[in-house]
Amino acid sequence: LAHGEAAGRPSAAEQARTCLALAPAGALASSGGQGFDGHALATHASFVLSEDGEGGEPLVRLRAAAAHTENLLAEPRCSLLVEPRGVAECLARVTLLGTAERMEGEEREDAARRYLERFGPGLGVDAVQEDDLYVRLKVDRVFYVGLLGQGREAELVPGKEFLAAQPDPLLALAPELVEMMNRERIEDVVRFTQLATGMALDELLDCRFMWIDRKGFTIRAQAKRGAPQDLRFGFPQELQDEKGAKSMLTMLGQVAWEQERR
Numbered sequence: 266l267a268h269g270e271a272a273g274r275p276s277a278a279e280q281a282r283t284c285l286a287l288a289p290a291g292a293l294a295s296s297g298g299q300g301f302d303g304h305a306l307a308t309h310a311s312f313v314l315s316e317d318g319e320g321g322e323p324l325v326r327l328r329a330a331a332a333h334t335e336n337l338l339a340e341p342r343c344s345l346l347v348e349p350r351g352v353a354e355c356l357a358r359v360t361l362l363g364t365a366e367r368m369e370g371e372e373r374e375d376a377a378r379r380y381l382e383r384f385g386p387g388l389g390v391d392a393v394q395e396d397d398l399y400v401r402l403k404v405d406r407v408f409y410v411g412l413l414g415q416g417r418e419a420e421l422v423p424g425k426e427f428l429a430a431q432p433d434p435l436l437a438l439a440p441e442l443v444e445m446m447n448r449e450r451i452e453d454v455v456r457f458t459q460l461a462t463g464m465a466l467d468e469l470l471d472c473r474f475m476w477i478d479r480k481g482f483t484i485r486a487q488a489k490r491g492a493p494q495d496l497r498f499g500f501p502q503e504l505q506d507e508k509g510a511k512s513m514l515t516m517l518g519q520v521a522w523e524q525e526r527r
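Counting in our numbering, the sequence shown runs from 266 upward without gaps.
No wet-lab data here; the hints were simulated from the structure. A couple of the hints might just be wrong.
Distance condition first, Cα-Cα at most 27 Å in a straight line; then the derived DSS-like pairs of lysine-lysine [as the list claims (entries may be wrong)]:
#	residue 1	residue 2
1	425	403
2	508	480
3	480	425
4	508	489
Since this is a predicted model, take the numbers as computed values, not measurements.
Turn these sequences into a full structure, and let the hints guide you.
Here it is in structure tokens:
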């Protein structure tokens, strides 16, 4: 059971794509209009993702009279901060830096249709209007802040590298698998932790299965003394679906049990 530096993990670009796919909305920051004296304005923005080309570019709906619209028409450079929610909030904070390009014609109609399918007609300030604008955020670079692992360092990812990466194939299944491991297989989580740290059971205050991806999984362990630590475990081969993930976790649990008995 590979762990620590020997364990494989997704790149920052791949993790950023996964976070973007999981996030239901973000905070759009813009400047350039007359209403805020040059100050940057950051507010809630829901979006869908482009499907053409390499995909992964946010398509954002803007109200015609919104301050963001005035800002972006005057200065199209902007940023979009996204953070997954729920179980996935442990992954990362991702800020996309780029330029907002107004969508027209069929491209705009397709974005409007997809936006309506995902979010519905909305109410009040969020109600969809016929004169809404849609913009494509052309990503120039990505400011990535990883939240899992001992380093937890920020990294600037080039836009081309970000767009060439793919979201993790287990992203939709991961929350369910995390819940399963913490609720039904906590004994395996404890064994994995002990294998990686060498701690006796009475030295361990808490451990939780945090996340799983195609290359491995992460456990956060807290000893009775000292700071919490994130433990990375790698799979012997990459996973692509629920059946493979559950089978692999069962097999590794058996391996950990056998090693414990030695």
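Comparing the hints with the structure gives:
1. 425 - 403: It holds: about 11 Å lies between the C-alpha atoms, which stays within 27 Å.
2. 508 - 480: Given pair residue 508, residue 480 holds - Cα atoms ~15 Å apart, limit 27 Å.
3. 480 - 425: 23 Å, holds
4. 508 - 489: With a Cα-Cα distance of about 36 Å, the restraint between residue 508 and residue 489 is violated, given a limit of 27 Å.
Of the hints listed earlier, the one the structure fails to meet is number 4.
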